[in-house]
Structures are given as C-alpha cells and as structure tokens.
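Trainee: Residue-level listing of the chains:
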Amino acid sequence: MEPPKIWREKRERYLAVGIKCLDCENKSFPKSEFCTKCSSNNVKEYKLADTGKLLYFTQITQTAQEMIEYAPYIVGIVELDDTLKVTGQIVDCNLDEVKEGMSVRMVFRILARDGNEGLIRYGFKFAPS
Amino acid sequence: MKQNVYITGFSSTKFGEHYDKAASSLATKALLGSINDAEIKKESVQAAFFGSLVSGSNSQTSIGSTCIRECALQIPITRIEAGNASGAAAFQQAYSGILSGLYDCVAVVGVEKLSDYVIGGTIEKILGATIDYHWEFEMGATLASLYAILTKAHMKEFKTTLEQLAAVPVKNHKNGVKNPLAQFRREISLDRFLKAKRIADPIGRFDPATYCDGASSIILSSSKIIAENPDIKTKIPIVGLGHASDTLSLHHRDTLTSLQATKKAANQAFKMANINAKDINVAEVHDSYPIGEILAIEDIGFFPKGEGGKATEDGLTSPGSEISINPSGGLKARGDPFGATGIAQIVEIVKQMKGEAGERQTADFNYGLTQNVSGTGAMTYVTILAREEVGK
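Heads up: the protein sequence lines correspond to chains S and U, in order. Per my numbering, residue 1 is the first one in the first sequence, and the count goes up by one each step. Per my numbering, residue 1 is the first one in the second sequence, and the count goes up by one each step.
The following block holds chain S by itself, in its conformation from the complex (with noise of 0.2 Å):
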C-alpha cells in the first residue's frame, strides 16, 4: 500500500465524494478534474447518495493476500439513489439474505490491512437498510 495514494484518494474514500458538472450536470464518480461528459473543467464536488439498490452480487472465495481474510465475503455491484453506479462489498448479512434488487446502505470500513502494523486501507461497503 503506498501512503500518497491513500492519502490522495481520502475524500472519495473516506467521504465518497465524486464530481458534478457545472456545465452538463453530469455526476461522475471517482473524482476528475474534468467531467467525464463534456470534459469542462468546471467541476465541484459531489457526495454520492449513501442509499441505493443491489444490481449484481457473488460471493468471493479466493482473493489476494491483503482481503483473504475478510473471505468468503459478498462483492456487487450498487446503482445508488442518485443513479451512480459503484463496486462494493455486501456486509453485515449472510449469503441468504442477499438478494438483486435489495436496498442498501452505505457504510464505512476496513477494505484491506497490510500486515499487523502497516497501513489501512478503508472505504465505503454496502449493509442492507
């Protein structure tokens, strides 16, 4: 894990904050100094509706080393309130709970540690509402 990235990356992480257009009103996440419509530069931030609806889920059982030992655990895909689409993880459930088309919520977490004493990445998961 590399500090700067963490660091550069903590308001949609850590916020979920993304951009909206000025110019088109398009939303875009992640983050861009440009709209990813248009390409105006006259951006602002946006933060991301925090509820939204379970498009696509599996359930994962063989990852990489710095998420194996959240495994098994649920990824999907979440179309969220305000029409934006994101990857998240399914928490706070167990696989029989989870279904397409349910309501979720966004919830804040530990995504992955690198080893006992480096750094943490965290960042939004997906619990049922």
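Derived by calculation from the structure, the hints in this document are not laboratory data. Fair warning: this is a prediction, and the values are worked out from it, not measured in the lab. Please note that a few of the clues may not be correct.
Said to hold, decoys possible - Computed cross-link-like contacts, SDA-like style, restricted to lysine to any residue with a CA-CA straight-line distance of at most 25 Å:
hint: 1; chain 1: S; residue 1: K27; chain 2: U; residue 2: D254
hint: 2; chain 1: U; residue 1: K156; chain 2: S; residue 2: M102
hint: 3; chain 1: S; residue 1: K99; chain 2: U; residue 2: P202
hint: 4; chain 1: S; residue 1: K85; chain 2: S; residue 2: R11
hint: 5; chain 1: S; residue 1: K99; chain 2: U; residue 2: A196
Keeping the supplied structure of chain S fixed, place chain U upon it in accordance with the hints.
Mentor: Here is chain U on its own, set in the frame of chain S:
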C-alpha cells in the same frame, strides 16, 4: 501495388509450467523458431514487437532487450502492454509498422511467465490490474467475481444454464487433447465442472483458464518481400483488423450482457475484410471464463444474442460444425500466458490455413478469426486471416 501484410513464419513453445526457463528464454525460443520457420536470415528481421502483461514488470522491464541479446540481434524493440490482449496489440503495431512503409519484415513475440506467481495471492493482484484496480479490485472484487457477475447477467436475461456454460470448457478440453502444445491434454467431464468448488459463484474452480508460461512468435512481411520471394512457403494475408475499448469497470457500463468492445472491433475487422461473420469457419476466441466464449460468439455475430449457450451445448461450435470455435483448446486447455495468448490464437489459425492442424484440422475454409480480450472487455482486438488466393 496494393500493400498487404503477410504472415510468413510462426512458432510457439508448449504452454504450461516451465520452471526451468526464464521469460526471455521462452521468448527467444519462439522468436528463433519463427525465423527458422520463415526460412529467412535472422538479420532480415528489422524490428521486433513484444506483447507482455507482466513478464518483465517485476524485475526486468525490458524483456525485448534480454531476448534479442540471446538471439544475437540488434534491432529496434518495443514492448506493448494492453492487459491480457497484449499479444494481439503487439501484432497490430507490427502490422502498422509494415503498412506504414517503415519496415518490410518484422517479428512479433507474445510472452508471459506466470508460474513463478502464487494463485490465491500475487496472480489475483496481477489480474486486479487488468480490471479497475482502484475502484473494483481494491473494493474487494476479483477478475473472477466480475466474470461471475457477467455470467449471472446472461443467465438472468437469456436463461443460460450452468450446463450450457460448462459445455464451453468441456468442448475446449476435448479439443486440447489434440493439440500437442496445449497445457492440458485431457478431457474434463461436465459433472466435474458442475460439482467443482465455487471461487465466485457461479464461477467454479475449473472454469477459468490457467495462468501459465509460454511464448509465441510470428514473422510479418510486406508485399515487396512476397513479390521478391516466390518460393516463400507461408504467406497468409491479414485481411481484417479491429480494436475497440470499453470502460475499464463493469459498473460504468450500460449493458452487462454483451461486450461492446468486441462488437465494435469485430465490425471494424469485417468491414476491412469486406466479409461478414457467416464467412468465418474457424475462430479462436477469448474463453478465459466460459461466459467469455459465449459473449464472444454472440457479439462477433456467429450466433444471435442470447443463443450462444444453447449453440455450444448443441455442438454448433465443435469441430466439424459450420463454425469451429477454439479448435486449439482455447485459453482453457491450451493455457493462458497472457501476452502469448493473442499470438498463439493467430498461430492456430495459420496452422489451420496451412492444413497443419493435425487431428483438429478444420475442413475447407477461406477465413479465420481471432478475438483477444483484456480484463472484462476493456479492450478487444479482432484479427481476420484469409487464404492467399482469396485475400490478395
């Protein structure tokens, strides 16, 4: 004279676990093999393009430099990285090098050395770099989990069944038995696929192609070389090329039941070759997961959308049918050394064209196609080869 680009030599190492060989040794073996096959002096090769995803990234960036030193060559070298499609990407760059008039004879080498890495650790991280590393992989997704989502979307929309999906690797393993260069030359039963432990439901542990070692190389030559050397034994014209991209992350896409980059790349290649999907009788497509082959055969246009699973189950993609898909065994049975795969696909079509595919030979045909994909479809390359008589 219309400028064409021809394949005039080819070679592949066996794919599998080469613990005793470095990436550069594999690349050297393939490159010298293709030069020998082309029956040219190695000094005739004016430049080399290397397609590789990771080989070289970890400890040695310039894989091409090591390889050409071993070949005792001093020529311009370029390494091309386009994720899992690095091989086909390097091929297109080499093609452009000839078509632009810059070169008359160029080598393309696809190479990867993956058996040094651990599955359930480093491999997942390498694959994480072929999807959106920051907003898919670091959020917990793996390449397999995203293919699981693509699989579920297709199952939901078109009632594609697990049996239909498993028919893809069952067929490809059956084909792989007949390919001496394949990593796995044995059949796997439908039941074994269906009962395997799930790594990302509905993806079972036998579903993904395996990450292995290997290298493939091709010599490309200009029309001038073909005209000057009437006795040249291999001259397969490249008649269609396509390359398109899509969003890196699945969550930014409008549809999950087709790969837009494949559709676009295939359309470009068909337009350039002035043919359509019906003219193709043999194709090597990117079956890194079973759904990959089903999406490929639908998006290229071999079968209507939603019918790829049933077509495979009904044997319509098996050898001897109107369109033989992955007669080499595909990524699944041949093995998937990322950068080498795109070149190995083209090598298989060349062998089929020359009637050198042995027991897996496709009968009379004029056109063959390859499709090489990166990640979950962020980049797709399509290549169409023709028999010399029809492709002039």
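Trainee: Taking the hints in turn, state whether each one holds.
Mentor: Quick rundown of the hints versus the structure:
| no. | hint | in the structure |
| --- | --- | --- |
| 1 | K27(S) x D254(U) | holds, 15 Å |
| 2 | K156(U) x M102(S) | holds, 16 Å |
| 3 | K99(S) x P202(U) | holds, 15 Å |
| 4 | K85(S) x R11(S) | holds, 18 Å |
| 5 | K99(S) x A196(U) | holds, 23 Å |
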